[in-house]
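A.B. asks: Protein chains in written order, with the numbering used here: chain A, 9 to 286; chain B, 20 to 302.
Heads up, some of the hints might be wrong.
Here chain B is said to cover these stretches of chain A; the calculated rule only asks that three of the stretch's residues, wherever they fall, bring their Cβ under 8 Å from a Cβ of chain B [to be verified]: (1) 159-166; (2) 189-197; (3) 200-209.
Okay, derived cross-link-like pairs now, DSS-like style, lysine-lysine, Cα gap no bigger than 30 Å in a straight line [said to hold, decoys possible]: (4) B:K122 / A:K110; (5) A:K102 / A:K117; (6) A:K139 / A:K169; (7) A:K169 / B:K61.
A few chain B residues that don't get close to chain A, going by computed Cβ distances all over 12 Å [to be verified]: (8) L111; (9) V125; (10) R149; (11) S242; (12) R254; (13) A293.
Hint data in this document are derived by calculation from the structure and do not stem from the laboratory. For glycine and all other residues, C-beta sits at the position ideal for the given N, C-alpha and C.
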Amino acid sequence: MEKRIRWISGLSILFFLLSVVGVCSASGLDAFKHENGTLRISGGTAHIPVMKEAAKRIMEFNTDIQIMIAGGGSGAGIKQVGEGLVDIGNSGRKPTDSEIDKFGLSMYKWAIDGVTAVVNPANPVTSLSSKELKEIYGGNIVNWKTIGGEDRPINIYTRDKSSGTRSVFWKKALGKGDISGKANFVASNGAMKTAVTNDPFAIGYVSVGYIDKSVAPVALDNITPSLQTVQAGEYNVARGLYSNTKGDPSGLAKKFIEYLLSPEGQKIVTRKGFIPVN
Amino acid sequence: MIQFKEKIAQTFFAGASFFCVLVTLCVLGFMILLSLPVLETKMLWPILTDPWSPDHGQFGILSMIVGTFYLASFSLVISFPISLGCSFFIQLTHPGRSGQCLKKIVQLMTAIPTVVYGFVGVFLLVPVVREIFSYGSGMSILSASIMLAILISPTMILFFSQSFARVPKNFTGAVDALGGTAFQKIFYVILPQAWPGVLTGLVLAFGRAMGDTLIALMLSGNSVMLPSSLLDSARTLTAHIAMIIAADFDSIEFKTIFICGCVLYLMTSLGILAARLLDWKHA
Numbered sequence: 009m010e011k012r013i014r015w016i017s018g019l020s021i022l023f024f025l026l027s028v029v030g031v032c033s034a035s036g037l038d039a040f041k042h043e044n045g046t047l048r049i050s051g052g053t054a055h056i057p058v059m060k061e062a063a064k065r066i067m068e069f070n071t072d073i074q075i076m077i078a079g080g081g082s083g084a085g086i087k088q089v090g091e092g093l094v095d096i097g098n099s100g101r102k103p104t105d106s107e108i109d110k111f112g113l114s115m116y117k118w119a120i121d122g123v124t125a126v127v128n129p130a131n132p133v134t135s136l137s138s139k140e141l142k143e144i145y146g147g148n149i150v151n152w153k154t155i156g157g158e159d160r161p162i163n164i165y166t167r168d169k170s171s172g173t174r175s176v177f178w179k180k181a182l183g184k185g186d187i188s189g190k191a192n193f194v195a196s197n198g199a200m201k202t203a204v205t206n207d208p209f210a211i212g213y214v215s216v217g218y219i220d221k222s223v224a225p226v227a228l229d230n231i232t233p234s235l236q237t238v239q240a241g242e243y244n245v246a247r248g249l250y251s252n253t254k255g256d257p258s259g260l261a262k263k264f265i266e267y268l269l270s271p272e273g274q275k276i277v278t279r280k281g282f283i284p285v286n
Numbered sequence: 020m021i022q023f024k025e026k027i028a029q030t031f032f033a034g035a036s037f038f039c040v041l042v043t044l045c046v047l048g049f050m051i052l053l054s055l056p057v058l059e060t061k062m063l064w065p066i067l068t069d070p071w072s073p074d075h076g077q078f079g080i081l082s083m084i085v086g087t088f089y090l091a092s093f094s095l096v097i098s099f100p101i102s103l104g105c106s107f108f109i110q111l112t113h114p115g116r117s118g119q120c121l122k123k124i125v126q127l128m129t130a131i132p133t134v135v136y137g138f139v140g141v142f143l144l145v146p147v148v149r150e151i152f153s154y155g156s157g158m159s160i161l162s163a164s165i166m167l168a169i170l171i172s173p174t175m176i177l178f179f180s181q182s183f184a185r186v187p188k189n190f191t192g193a194v195d196a197l198g199g200t201a202f203q204k205i206f207y208v209i210l211p212q213a214w215p216g217v218l219t220g221l222v223l224a225f226g227r228a229m230g231d232t233l234i235a236l237m238l239s240g241n242s243v244m245l246p247s248s249l250l251d252s253a254r255t256l257t258a259h260i261a262m263i264i265a266a267d268f269d270s271i272e273f274k275t276i277f278i279c280g281c282v283l284y285l286m287t288s289l290g291i292l293a294a295r296l297l298d299w300k301h302a
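Pulled out of the complex, with its shape left as it was, chain A reads as follows (with noise of 0.2 Å):
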């Protein structure tokens, strides 16, 4: 008899356990079971690693489900949004006024994302100060070997205006100083890191959540660029990930964004490299 009871009590506890997990895994996506059709996203190439993974799980969970995502730049994300092109659009800064004025914009912060200076792996420059870095973007310190590095011509590399990872950067870390005319002028954050990963002498900046092996982070005034500084706010080179829908999202865009902001999407925005606001 006890032991049947001890078997039982087993089993409830196991199913228990089974069904708590269960109401756990679906919880993110139970909203897309009946859902069906196309969702379109571009902008922000920031966001793009946290956009996919989430696009992963939701098609594999419901397979008539289609979900694109492009790249542009959160510029391009504003406009092509704003111009019904695409229901959801991606910026890494917050639209401007005038944006969120003329196409009626709705925005959802769900991640929190550093912008760091990076360099090649094998570049021996791991550290430098504010002002180094202004002088270097400036065009002032053209040599790797003023701050300790080989003696090669420093290659600057940088985004165009409509980049919010530029923006962020220009604004925190290089304090809306001058960046050089000699800059190699990129499309995203993804060239960006290739760019710096295949040039030994390179210097450029990325989104915290592309630094991997092929790319090291330049600690700025001795602080390293991580999830943890930037948490803290030690590391203050940061800005919000944007998505943006024209009016009040519906439908699966407002599932979408509910799932990024749900328990689940922002597991994957930690996953990713990013910081979570919820």
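Since chain A is already given, all that's left is putting chain B on it; use the hints.
C.D. replies: Okay, now just chain B, sitting in the frame of chain A:
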């Protein structure tokens, strides 16, 4: 009945060509219309001569115009001799199996998308250029024009060998009968006969080199300085348009890209017009 069919065909083809002309003109009209807001503010001259520095209120595209010319011309300098040599090989010195084989490969090359060339350039060519000259990032006019040269050479090779093939057989036969060498045949008979075709091929290739976007965007570094050497990074008009198109609609940056479009349009049109004029004078 046959006449009726003939008429239908005629109207159809006339309609098609008219449509093509119309679309081309509409594009020009559209661009001029959209650049009007900038033209009205009398900003045209500063735009054509200033440096590009939006943070300081300067929106000049001079360095992009120069960059475009620099890049397209240098890629022609590289690919012209190569293309000429290849078409001699195909049409004159090895008209047999090896020539045909080369021709097939060249035809195949026309189908390779430019992004593939760009990709190969980023990973294979740029590091080599950087290490050889140990100057700059390797993303330079040199790297971009080498890849562009590969891109445009099939156009030239096919065009050149076509125009060589049109040189009458009895001319070349006469050279052989007189005991002329292959060199003499090429330089005294074929080139003087076929040069309008060669020129047209050259202009078409120049237009293609100017119009290509991705190779320039991926390989030339896109810096906004006036380039002073082949190893400098430079930005072309096409790459400039591709980068700025994401800017805010209402910004001056965005409005100036229509001027870029007009300039690009006029540059290519003038080139083609000049070639046609030369061609026509000699025909």
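A.B. asks: Is it the case that R254 of chain B keeps its Cβ farther than 12 Å from each residue Cβ in chain A?
C.D. replies: Violated: least Cβ distance 7 Å, not greater than 12 Å.
A.B. asks: Find the nearest Cβ of chain A to the Cβ of L111 of chain B and say whether that gap is larger than 12 Å.
C.D. replies: It holds; L111 of chain B is separated from chain A by about 42 Å at its closest Cβ, greater than 12 Å.
A.B. asks: Over 12 Å to the closest beta carbon of chain A is the bar; see if V125 of chain B clears it.
C.D. replies: holds, 30 Å
A.B. asks: A cut-off of 12 Å on Cβ-Cβ distance, and S242 of chain B was said to be off the interface with chain A. Does that hold?
C.D. replies: violated, 5 Å
A.B. asks: Mind taking a look at whether chain B covers the stretch 159-166 of chain A? Criterion is 3 or more residues with CB to CB distance under 8 Å.
C.D. replies: holds (count 4)
A.B. asks: Confirm or reject the coverage of the stretch 189-197 of chain A by chain B under the rule of 3 or more residues with a beta carbon closer than 8 Å to the chain's beta carbons.
C.D. replies: Coverage by chain B holds here, the residue count being 7 at a Cβ distance below 8 Å.
A.B. asks: Taking beta carbons only, do three or more residues of the stretch 200-209 of chain A come closer than 8 Å to chain B?
C.D. replies: Holds: 5 residues of the stretch 200-209 of chain A have a Cβ under 8 Å from chain B.
A.B. asks: Would you check the hint for K102 of chain A and K117 of chain A, treating anything up to 30 Å between C-alpha atoms as holding?
C.D. replies: Cα-Cα ~9 Å, so holds.
A.B. asks: Just to be careful, I want the Cα atoms of K139 of chain A and K169 of chain A compared with a cutoff of 30 Å; is the pair within it?
C.D. replies: Satisfied, since the Cα-Cα distance of roughly 22 Å is no more than 30 Å.
A.B. asks: Beyond 12 Å from every chain A Cβ: check whether that's true for A293 of chain B.
C.D. replies: holds, 32 Å
A.B. asks: Measuring Cβ to Cβ, find out whether R149 of chain B lies farther than 12 Å from everything in chain A.
C.D. replies: violated, 7 Å
A.B. asks: Holds or violated: K122 of chain B and K110 of chain A, Cα atoms, limit 30 Å.
C.D. replies: violated, 56 Å
The structure is inconsistent with the numbered hints 4, 10, 11 and 12, although it conforms to all the rest.
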